[in-house]
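Build the complex: two chains, separate frames, hints provided.
Residue numbers (this note's numbering), protein chains in the order written: chain A, 1 to 316; chain B, 317 to 599.
All clues stand as given, with none of them false.
Among chain A residues calculated to face chain B with C-beta under 7 Å, some are:
id: 1; residue: Ala58
id: 2; residue: Ala77
id: 3; residue: Arg80
id: 4; residue: Arg81
id: 5; residue: Val85
id: 6; residue: Phe89
id: 7; residue: Asp93
id: 8; residue: Phe104
id: 9; residue: Gly110
Worth flagging that the hints you see were computed from the coordinates, not collected in a lab.
All C-beta atoms in this analysis are idealised placements derived from N, C-alpha and C, irrespective of residue type, glycine included.
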Amino acid sequence: MSEPIVDILGLRKVYNGKNSVTAVDGIDLHVPSGLIYGLLGPNGAGKTTTISIATTRAIPTAGSVRIAGIDVVAHPALARRSIGVVPQFNTLDRSCTVAENIYFHCRYFGLAKTEATARTAQLLDQFRLSDRAAAYPQALSGGLAQRLQIARAIAHRPRVLFLDEPSAGLDPQSRIAMWEAVQGLRGEGITVVLTTHYMEEADELCDRLAIIDHGKILIEDTPAALKASIGGDKIYDLRMCGVRDSGILERNLQTIEGVTRVEVIDGGLRVLARAKDGLLANVVTMANEFGLRDLTTTEPSLETVFIRLTGRDLRE
Amino acid sequence: MSTDVGKRSDVRWAIYSLAFFGLMQRDLRVLTREVVPFVIRVAMNPLLFLFVFTYVMPHMTGGSKGSPVANMAAAGGGGFGTILLPGLMAVAIMFSGIAAVALPLAQEFGVTREIDDRVMCPLPIGAVAIEKIFFSAIQSIIAAAVVFPLAYYIPSTPVLAHVSSWWFLITVLLLASLLAGALGLTIGTLVQPKQIGLIFGVVIVPITFLGCVYYPWAALKSIKWLQIGVLINPIVYISEGMRAALTPATGHMPESMILAMLLFFLALLTWIGLRGFARRVLS
Ligand SMILES: Nc1ncnc2c1ncn2[C@@H]1O[C@H](COP(=O)(O)OP(=O)(O)OP(=O)(O)O)[C@@H](O)[C@H]1O
Ligand SMILES: [Mg+2]
Chain A
1 MSEPIVDILG
11 LRKVYNGKNS
21 VTAVDGIDLH
31 VPSGLIYGLL
41 GPNGAGKTTT
51 ISIATTRAIP
61 TAGSVRIAGI
71 DVVAHPALAR
81 RSIGVVPQFN
91 TLDRSCTVAE
101 NIYFHCRYFG
111 LAKTEATART
121 AQLLDQFRLS
131 DRAAAYPQAL
141 SGGLAQRLQI
151 ARAIAHRPRV
161 LFLDEPSAGL
171 DPQSRIAMWE
181 AVQGLRGEGI
191 TVVLTTHYME
201 EADELCDRLA
211 IIDHGKILIE
221 DTPAALKASI
231 GGDKIYDLRM
241 CGVRDSGILE
251 RNLQTIEGVT
261 RVEVIDGGLR
271 VLARAKDGLL
281 ANVVTMANEF
291 GLRDLTTTEP
301 SLETVFIRLT
311 GRDLRE
Chain B
317 MSTDVGKRSD
327 VRWAIYSLAF
337 FGLMQRDLRV
347 LTREVVPFVI
357 RVAMNPLLFL
367 FVFTYVMPHM
377 TGGSKGSPVA
387 NMAAAGGGGF
397 GTILLPGLMA
407 VAIMFSGIAA
417 VALPLAQEFG
427 VTREIDDRVM
437 CPLPIGAVAI
447 EKIFFSAIQS
457 IIAAAVVFPL
467 AYYIPSTPVL
477 AHVSSWWFLI
487 TVLLLASLLA
497 GALGLTIGTL
507 VQPKQIGLIF
517 GVVIVPITFL
527 GCVYYPWAAL
537 KSIKWLQIGV
547 LINPIVYISE
557 GMRAALTPAT
567 GHMPESMILA
577 MLLFFLALLT
587 WIGLRGFARR
597 VLS
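Chain B with its partners taken away, still in its complex shape (with noise of 0.2 Å):
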């Protein structure tokens, strides 16, 4: 014990590992406890979403031929299904980020001063943040998973699915899933606990309806303005990266950009959000 404990690096480490371990345990611990919420949050969105504009609407119109977005689909030979897949599993990463980062915090950094436990652990406080967004990682990749069935079974036009390289799946999961929970992270610690709720009209819903999620990106090529606007947000990178892997036959942006971009705004969200942490904890 004392002094010369800090200055084993080995030492050091084996104990920073035991902690964050230990952080991880207590989350999944509260993450099996609702399961069944965590479901039900993951699946209702894409469940709807998929339900009105696959299955019913097709039924509605005789066929989904008539609206500019499915003949865009129909070109790549999907119906408006394939457009769909990777952009509901995009919002069900981004969305599991929020909900696993952002709402805690601004709860825990509110009125109950939760984390102040977690926080004490013998862990630098970045690390905790970090945590935080690992965890968060696991829950998107989890919540991707549970749309895909949803997004492939339900349409009413069969969704053309394609994996060419899962090498880059993989990546494009990890870095999305990453990136979700930073943006969460960055989200949680700078705007106001009493303020969360006003998250969802401000960023939340504008990101999604401008993040590539119901259209391709290269659909956008009509709006160059649009185009060009919509590049700010990292939830292009994550459904485009989506459909370059899974559905890459209705086009999407070269792969290295995607590549490039999930990365910058994954290394930009995290140094903010680590930053709005420590300035939370610490005074």
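Excised from the complex, chain A in its bound form (with noise of 0.2 Å):
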């Protein structure tokens, strides 16, 4: 594989103050150049602590980040030109237009005036702005707020593009099209990192995951690998009427063929399995005679390998 687009080494930050925190504590990441890279977390893991200062807009307290090669420390002014970021708020300026906010960005960036109106134009076009573009970023909704500021932040052509929580408060028809609109970058070769606390979203968009908690990275890999990594495709959670015997129950389970780890969890148990025509039947059967009240089968998803790296759920 070719050199890290984003490149973070022993990252660390603290906030001084009252009672100092530790928003990110020890963080190593490499993002591959073309991919969609997330980082899922809960409330207060660090996501946007280590975003801020991939984007040189804070000062780690130990540790470097090399985007495209350059240090985002030494050198913040050069970092940016390869970097684009959405922040987890709105942030356009509401002095300008809908086309000037993107036609200003590329001046910003060193793009002559007939250059900037093309590339405006053309963004527009591709984020379906461009019968809005006259208007003020107060009148438009969260949605197009939010495809006007992706639009705005890779007007300059950034090597990678930083989302922080980009679904946040977007209604599902305008999270598909920003996902749609994620997945076109991608076609065009801009490395996307973004943070986000919706599983689905992680699963379904991300090509590679880094699952963080408390400032640390607990795992990072593909959502697939992710998920084998729970040891099964299949979870039946048997809801036992009291507690007879369950130590049998497990030990028996165990023996049939397909079922690759038994789990007790509260009031019952947790069977994890290959997909195998008749295994369920065996369960349910084994399970009957042990007093099975209720069975409910899920597939392992990001919230059960986060539940099983921290204990805890991922929304609390």
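Put into structure tokens, the structure is as follows:
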């Protein structure tokens, strides 16, 4: 693999205040060029802080970030040429129209007048904003504002686009539109680094993921590999009436062919298994003798991975 | 692209100057869209001030000879209008700095975070703040130019203006305008956005009234403590600078002291403002 486009080494960030907070606690991250890369983690995990440092808006306490080979702490102004950012909140310039937001962004990055005008027209078209070109950002819906922010962020053709919580506050249609836009960017060769605490988004959209909690990376892999790490492609949660002889049942279940793992959960047992005809029937028959009350079937999700790693729900 | 771009300093400066120029263009576009509010904002205060004090009042008292300030001015051979001409220009310069930098910054650092995209342009953070000062200075100069004809033609007694050195006038005007921008930057970055409304009462009114706007500094000699005390007010040097450049007959501070103090306050406020700006946009 070529040199990573985003290269984060030993990153730490401590916010000093009344009680100092360690927001990022030793993160190493290497994002290969051309991927959609997700940072998944609960509130306060340190996602925004990591992005702020990578985009030159926060100074790290320790460690380094290189974007396209440029050290962002040593050369912030030059590093910004390779960086596009869409922050967590709407930062559109309200004194300028939709078109001017993109046009002046181009001018800041040195595009000549005619180039900037052409690029603006092309982006307005690509992001289906042409009919709103003369409107002011205050008049845009959340979804349109988000699209404009993305269009503006990539106007100077950065190598990497950072998206912080891109789907926060979007309705389902706008979210799908945003996903499509992001996938389109990957097609153009722009690496996308996004943060999210939506499991489905991380799963659907990202080529690779890092799960972050308390400022540390817990695990890093493709969504498929992360889910496979659960050890099965079906999860059966058995609710039992009382806890009669669950130790025996646990051992018996493990003997069924295809079952990879049995765990004790609240009020019953969890069976992890490979998808296999007749397996469910065997499980049910066996569990029935021990007082099976209810059974739910799920497939491993990133949620399961997160709970496995932290013992907590991602949304708490 | 990539690493070697940063190593060539001529390339780097080209990138920086294009970004700086882009920021100026954006500000210019926004300003031209608001020309009418801009002129009203600049002209209203001096217009009313001149109207009441140099037109209405003299008619009410049958001439301005009764008031002590008028006597003072009369000593230099003009009416109160002669005192007010440089003073009101100083206020216009100062206020443009506040309106062009401090008020927008309060909004941009506050709820809207609009400054973000400009901070992310390929320019050192400090230069983004310097651009604000520069652009504000241009507005201050325009403001001063708008006030001059008003202050010259409205008063009922003729205003005695005399430019003996154009160089001095231009230098003072440039320094004063930059100083006003630096003051705006300092206020805009140090004052919490929520409290920006308070600065009119707490900062602007005091520095105006104690800024030798409505009286020459030399006339304070009978109140020694005040004459010394106002020296910490940067507006004093703007007013006195305009006075020395335009209406020298009314008496003013030594010119070298004016220039030195304008430079001193420009450096001081730029330094404080840049630090405040960096603190606001970096964490
Ligand atoms: N400017 C700051 N000063 C002090 N503490 C901060 C600051 N910014 C963030 N923190 C703290 O650092 C920790 C990580 O915050 P961060 O915003 O990076 O989390 P996040 O993963 O983006 O969370 P969210 O999903 O809520 O956006 C939190 O405990 C937060 O309170
Ligand atoms: Mg965040």
